Each structure stands twice: as structure tokens, then as C-alpha cells.
Amino acid sequence: MSMRMQLMRSILLLSIAFSTLRVSASQGGTTGAPSPQVPASAATQGRLTLTSSAFSDYGALPLKYAPNSAAVVTFDATSPPLAWTNPPARTVSFVLTMTDMESSMGDNPQDVLLWMVVNIPNNATSRLLAEGVPRGRTSMLPEGAFHRSFLTNGYLGPQPGANLHSHHYLFELYALDTILDLPRDVTLDQLRTAMKGHQTGRAPLVATCCVASK
Amino acid sequence: MRIQLKRFVTILVLLLGIVNTAVGRQTGTTTDRHGQIQMVLSSPAFKDMEPLPLKYTQTGTRPSVTLPEGMIGAAVSPPLQWSNVPQGTNAFVLMLSDTSDTLMWAVVNIPGNIRSLPEAIPNGNKSEKLPAGAFQKSYRTNGWIGPGAAVTPEAAIRYYWRLYPLDKRLDVAVDATRDEILSAMEGHLTGNKAVMISPCCYGSK
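First to last, the protein sequences are chains A and B.
Per the working numbering, the very first residue in the first sequence carries number 2; after that it's consecutive.
Per the working numbering, the very first residue in the second sequence carries number 390; after that it's consecutive.
To be clear, the hints were calculated from the coordinates, so they are not data collected in a lab.
A portion of the hints provided could be inaccurate.
Unchecked claim - Think about it this way: if two alpha-carbon atoms lie no more than 20 Å apart in a straight line, the pair counts; the simulated DMTMM-like pairs of lysine to aspartate or glutamate are: (1) B:K436 to B:D487; (2) B:K594 to B:E439; (3) A:K197 to B:D487; (4) B:K515 to B:D560; (5) A:K197 to A:E173; (6) A:K197 to B:E569; (7) B:K557 to A:D108; (8) A:K197 to B:D490; (9) B:K444 to B:E508; (10) B:K436 to B:E508; (11) A:K197 to B:D568; (12) B:K444 to B:D487; (13) B:K557 to B:E575.
Said to hold, decoys possible - Beta-carbon label-pair distances, calculated as ranges: (14) B:E508 to A:A131: 43 to 49 Å; (15) A:K215 to B:A521: 42 to 48 Å; (16) B:R567 to A:N69: 33 to 39 Å; (17) A:A55 to B:G513: 28 to 34 Å; (18) B:E517 to A:A90: 47 to 53 Å; (19) B:V563 to A:D190: 23 to 29 Å.
Unchecked claim - Derived list of chain A stretches under chain B, where covered just means 3 residues or more per stretch with a C-beta under 8 Å from a C-beta of chain B: (20) 94-104; (21) 199-208.
Computed from a prediction, not measured in an experiment: that's the story for all the values here.
Glycine included, every Cβ here is placed at the ideal spot set by N, Cα and C.
Starting from the given sequences, assemble the full structure and let the hints guide the process.
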């Protein structure tokens, strides 16, 4: 019985995963070659700002951070490097989320969670995430932090559906006045509920993937 | 044994997905699980990820601080259009939210045969410019209110457009909140959302 339930559970999770693999034809896209008109450097003074050394805001996510067909099978993908500046006053910790704005999970309207890093302490040496945080481990994360996606205990990255029509990937950094008390299998909904009333700042960073990605 | 079985199922399902993708690439007509291609939202007035023109903003038409509750400023709603609608779509919800999840505009229960919204839909739900049966609101008006962010780089924020294809009209009140509209849509999407992002108002003209 337990085995059957486990099996059903994995099939359910996988069908959910594949509902995000929305394969589509590459016609009439609006995301082919974005030409950001807002210089990132001009907007960074004074407020919480999230950046990546690997791609620009509104730019294309490099293919390195999108799992290829082999990596999709094993859920292995390389997370991009991220860094942030200007934490607001009273900030105790940070949460990083990455969502696929186009995809929907199980016919539901919520954006799909491809990565979250929870409980990153606010200190001068930890205002960054290095490239390639390994799935299932926290050794590359600051003490007390953990990460997961909606499906795995790590970075999931863009799924193959975005190869034929780019999606918008939204990275958001939340600055919080507390450390969150959450289980390691927390969902995006639960995370958002827990963060209510604790935000001292919120900074977005947008990338598209994967038609214009290299 | 259990782990082996799970692993087998995992690999099988994933392989099926990849084969499906490969076939679609060859034919150029790959469909999602609903048999449709990715829906696309656009505007003849501005491009995705480029600044929203000032005529659609409070910033460019009237300072937001003087806008009384329930009133609309001189800002007009932008023209929008969409295509590649998933099969089985009977209604749409369009939402514009800012970086803090403030509901800047919702147009709820757009009929499934509609593919565009004209520019400058007046406040309220009686205009012929609004598709029959639809209603609109913002977080503080019964229509388009428009971004009010300043034109300085440090004050610029971004606004997220999401068009949701639905299998039925929603049974929600005309003063429903963003959360209530989102909850009402649960289980009713017919495919992926169509998305645009509009930075405002630094760089807006």
C-alpha cells in the first residue's frame, strides 16, 4: 500500500512537472531580442538591488543555467550567480525566489517555483549566491539556509518548454526582518504567507529563456 | 525495489517528454498537453520589457497624490491583443500587478472569443469598449488607474501583465481582491499564461 502511494505520488509530481513543459511553436514571440532601455547601473543607487554577473536585467539567461536533455532527467542544473546590495534597515535575512511566469501548475494560476533559497542571513559576506549551488546540499549556502524548487531540493531551472517560445523568469530577492521557521519542503504559497508582514524590501531581476539564450 | 520503481517511472516519463519535444521541433507544430501553443500577449503601443508610454500613466498625466479614491486620472488604458489561445478557453482574466503585488488593473470574464482590448476603456462596466459581460477594477478604482511611479531611475518600478486563459467565467464579485480573483481561477487554467513586463516610469515618453 505504501509503495503504491509512493508510486502514485511520484507519478503525480512528474505529471505536474510536465505540465510546465509547455512546448510551443516559435511564432509571433515578443521575447526574441529584448532591448532594455533602462540602464541597470542608473537604477541601483540607494535601494535594494539584485544583479547577476552572468546576465543583465531583461536579458537572456545563458543556456548554461538551463538544463539540457540529460540534466533534465537527473534534475541536475547549474544555478546562476547572484549578488545584492543596499539591504534596507532592520533586515535580518533574505529569501531568493525564481519563478517561471508563463507556466502554470496543475491548472492553477500561480507562477511555477524553479528555485528558492530561504534564510540567508544578512551579513556583509553573504550577500551573494555563488554559481552552481548543488542540489540536496547546503554546504555552499550560508549557515542555516536551505534551498529547493517545487519539485526538488535544489535549483530546477528553465524547462524544455521554453526552448521553442521564451518564457519570463523572475528572480526576486525579499529582505526580511526575521529568520523564517519553515520546513525544508515548504511550498511557494507557504513561503509567501510566512513572509507577510516581515518584508523590509523586495528587488526583482528578470531574464528570458531560452530562444535568445546562448 | 520501491526506489528502483520510482526511478524507472521518472526516467520513462522524462524520456516521453523529450521525445515529444523533439518531434515538435521537427514539425514546428508542437503542442502542450492541452493541444495548443504558447499564448502571446502584446500591445501595438509598446513592447515587452520596454518603458510604458506616459499617456497610460498617472505620472505623465496627473500626479497620483491628487487622485481621489474612486476617480480616474487622465491616464488611459493601453490597447492590447493576444493570440495562440489554448483549446477549451471560454474566458480570460487580464491582470496588471506591480512589484509589490498591488493590483493595478484586472479585466475579469473577458469572453473566450475576444482577442483584443481597445485603448482608453472608460471607468466602470457600461462602456461598449469593454467586452460584454466583463468587468474591470484596480486596487482603488473601477477601471484603469495607471502606474504612478516617478520618472527618476531610483523610483522606477516594473509592472507585470498576466493573461490567464480559463475554461469558464469566474463567479466573483466586482470588487474582488487580487487574491480572491487568483483563488477563483484555481483549477480552471486551460494552458500557460501570456506575460509582458512594463518598466515605468523612468525612460517612459
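Each hint tested on the structure:
1. B:K436 to B:D487: holds, 17 Å
2. B:K594 to B:E439: holds, 11 Å
3. A:K197 to B:D487: holds, 17 Å
4. B:K515 to B:D560: It holds: about 19 Å lies between the C-alpha atoms, which stays within 20 Å.
5. A:K197 to A:E173: With Cα atoms ~15 Å apart, K197 (chain A) and E173 (chain A) stay inside 20 Å; holds.
6. A:K197 to B:E569: holds, 17 Å
7. B:K557 to A:D108: Roughly 12 Å between the alpha carbons, so the hint for K557 (chain B) and D108 (chain A) holds.
8. A:K197 to B:D490: Roughly 12 Å between the alpha carbons, so the hint for K197 (chain A) and D490 (chain B) holds.
9. B:K444 to B:E508: Roughly 11 Å separates the two Cα atoms, so the pair holds.
10. B:K436 to B:E508: holds, 15 Å
11. A:K197 to B:D568: holds, 14 Å
12. B:K444 to B:D487: holds, 18 Å
13. B:K557 to B:E575: holds, 11 Å
14. B:E508 to A:A131: 43 to 49 Å: 47 Å Cβ-Cβ, so the 43 to 49 Å window holds.
15. A:K215 to B:A521: 42 to 48 Å: At roughly 46 Å between Cβ atoms, A521 (chain B) and K215 (chain A) fall inside 42 to 48 Å, so the hint holds.
16. B:R567 to A:N69: 33 to 39 Å: holds, 37 Å
17. A:A55 to B:G513: 28 to 34 Å: For G513 (chain B) against A55 (chain A), whose Cβ atoms are near 47 Å apart, the range 28 to 34 Å is violated.
18. B:E517 to A:A90: 47 to 53 Å: Roughly 51 Å apart at Cβ, these two residues keep to the hinted range, so it holds.
19. B:V563 to A:D190: 23 to 29 Å: At roughly 26 Å between Cβ atoms, D190 (chain A) and V563 (chain B) fall inside 23 to 29 Å, so the hint holds.
20. 94-104: Holds, because 3 residues of the region 94-104 of chain A bring their Cβ atoms closer than 8 Å to Cβ atoms of chain B.
21. 199-208: Answer holds; 3 residues pass the 8 Å Cβ test.
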